[in-house]
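Asks: Here is how the chains run, residue by residue.
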Amino acid sequence: MNKHLLSINDVSAEDVVRVLDTAESFREVGTRIIKKVPALRGRTVVNLFYENSTRTRISFELAAKRLSADVINFSASGSSVSKGESLKDTALTLQAMGADAIVIRHSSSGSPHTLTKWVKGSVLNAGDGTHEHPTQALLDLYTIREKLGRFEGLRAAIVGDVLHSRVARSLSFGLVKMGAEVTLVGPPTLIPPDAPAWGVQVSYDIEGVLPKLDVCYMLRVQRERQRQQYFPSVREYSRLFGLTRDRVAMLPEGCLIMHPGPMNRGVEIDSDVADLPQAVIEEQVTNGIAVRMSLLYLLLGGAGTGEVRERD
Amino acid sequence: MMASVRLLDGGEIRRAVTRIAHEILERNKGAEGLALVGIAARGDDLARRLASEIARIEGAKVPVGVLDITFYRDDIGMRAEAPEVHETRIGFDITAKTVVLVDDVLFTGRTIRAALDALVDFGRPTSVGLAVLVDRGHRELPIRADFVGKNVPTRKDELVRVALQEVDGEDAVYMEERT
Numbered sequence: 062m063n064k065h066l067l068s069i070n071d072v073s074a075e076d077v078v079r080v081l082d083t084a085e086s087f088r089e090v091g092t093r094i095i096k097k098v099p100a101l102r103g104r105t106v107v108n109l110f111y112e113n114s115t116r117t118r119i120s121f122e123l124a125a126k127r128l129s130a131d132v133i134n135f136s137a138s139g140s141s142v143s144k145g146e147s148l149k150d151t152a153l154t155l156q157a158m159g160a161d162a163i164v165i166r167h168s169s170s171g172s173p174h175t176l177t178k179w180v181k182g183s184v185l186n187a188g189d190g191t192h193e194h195p196t197q198a199l200l201d202l203y204t205i206r207e208k209l210g211r212f213e214g215l216r217a218a219i220v221g222d223v224l225h226s227r228v229a230r231s232l233s234f235g236l237v238k239m240g241a242e243v244t245l246v247g248p249p250t251l252i253p254p255d256a257p258a259w260g261v262q263v264s265y266d267i268e269g270v271l272p273k274l275d276v277c278y279m280l281r282v283q284r285e286r287q288r289q290q291y292f293p294s295v296r297e298y299s300r301l302f303g304l305t306r307d308r309v310a311m312l313p314e315g316c317l318i319m320h321p322g323p324m325n326r327g328v329e330i331d332s333d334v335a336d337l338p339q340a341v342i343e344e345q346v347t348n349g350i351a352v353r354m355s356l357l358y359l360l361l362g363g364a365g366t367g368e369v370r371e372r373d
Numbered sequence: 126m127m128a129s130v131r132l133l134d135g136g137e138i139r140r141a142v143t144r145i146a147h148e149i150l151e152r153n154k155g156a157e158g159l160a161l162v163g164i165a166a167r168g169d170d171l172a173r174r175l176a177s178e179i180a181r182i183e184g185a186k187v188p189v190g191v192l193d194i195t196f197y198r199d200d201i202g203m204r205a206e207a208p209e210v211h212e213t214r215i216g217f218d219i220t221a222k223t224v225v226l227v228d229d230v231l232f233t234g235r236t237i238r239a240a241l242d243a244l245v246d247f248g249r250p251t252s253v254g255l256a257v258l259v260d261r262g263h264r265e266l267p268i269r270a271d272f273v274g275k276n277v278p279t280r281k282d283e284l285v286r287v288a289l290q291e292v293d294g295e296d297a298v299y300m301e302e303r304t
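Chains as they are written, first to last, in this note's numbering: chain L, 62 to 373; chain Z, 126 to 304.
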């Protein structure tokens, strides 16, 4: 494993399997009465969130706490950042306080990479601009492997606002790396022009894609990022690309319905579709804690000098 | 190069397991309230063998769990690579049970220290005992085994390797030395 997790491309296919296998053990820890192990006792993990996030921050916080690490949550609002402190000075402050890992979410693509130049600990990208969200991709891969048992030859569609979606980028790279076939589906305005270079296919017709899928991954319509009009109206988007009951009927039996959350029920996914048994959206959240525990464990648990060796 | 000496063969391992099963039953006065928890890897296979011996001798089914102690190690973060994780599965409540931990080799005692910490996260056993196939000495903690297959005097830099049919395709214990 690399010291940092900035992009899914930092993780080899072999290490993806290692992360998922280790997460399997942490899933078991989550079923115990005492859902906590002492693996990272005495280590400090800082959640540095420049963008609002509920589930990712809580997920990372729980993951670190269940590993017995000390967790500090630092959000841009109500902190020194709102007084004008730069990322560099914040990083140096956290460094001076002895952070072993920094989990960063930032609206600027590449900021986790920049952060690695200023801190000694591991940096984990929890979403940077429209670039990547590797931990989300890994928890999605975990969920897919758990439900379908493999990646090789699986057919997945990622539907919606791919252009602004760091989830779509990381997950596409991850699925392609593991041998799955990925089709990006959405209005032409929301499909990135460089998409063919990702090793994926592109379609503008959701109904043509649905009947041969193993995984149907719906993206959130990011209304906060719609500075210009990418589609005429939410209603039209919903009619052309939303996952309705009628469209679910076109999916083969056993096809997973996934969503990274938070959902806009009634926009990209119908409310009753999100509650179907083949929709594994809540499982994705549960698995997220185990996968983040696995990542923190593998990144911090191997950060030593290597002087201590295997012994009984 | 490794020089290798066989300490136990398949028959000796089988007889040691049978004797330990008898000793556990004698100490516990039967199989009542007994549970076996094997430490991954290989301790779990030994625990299953002990359970089937106990079933044969006493006609009683004793629950068997497998415990991975990786997350409880005292050297996480001191290594260049995070230690590899195995499966933990204890499908029964250990509270009020007489638990016997099972491992292949007892050496420094650090694994057992970690196993005791792990075990109390699952419940509160009445008592915890320890059964090992090989005790090679060199304890670094105040820990001893209740049931021992074979005591083997070793040098600290020697390596004791247990091979079991279930994982390694043969039953044997080797002492290996870097030459």
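Hints are computed from structural coordinates only; laboratory data are not their basis.
Don't take every hint at face value.
[Said to hold, decoys possible] Derived CB-CB ranges, DEER-like: (1) Z:Glu302 / L:Ala74: 49 to 59 Å; (2) Z:Gly294 / L:Asp82: 21 to 31 Å; (3) Z:Asp218 / L:Pro338: 25 to 35 Å; (4) Z:Val245 / L:Thr154: 33 to 43 Å.
For each residue, glycine too, the CB sits at the ideal point set by N, CA and C.
Asks: What are the numbers of the hints the structure violates, in ascending order?
Replies: 1
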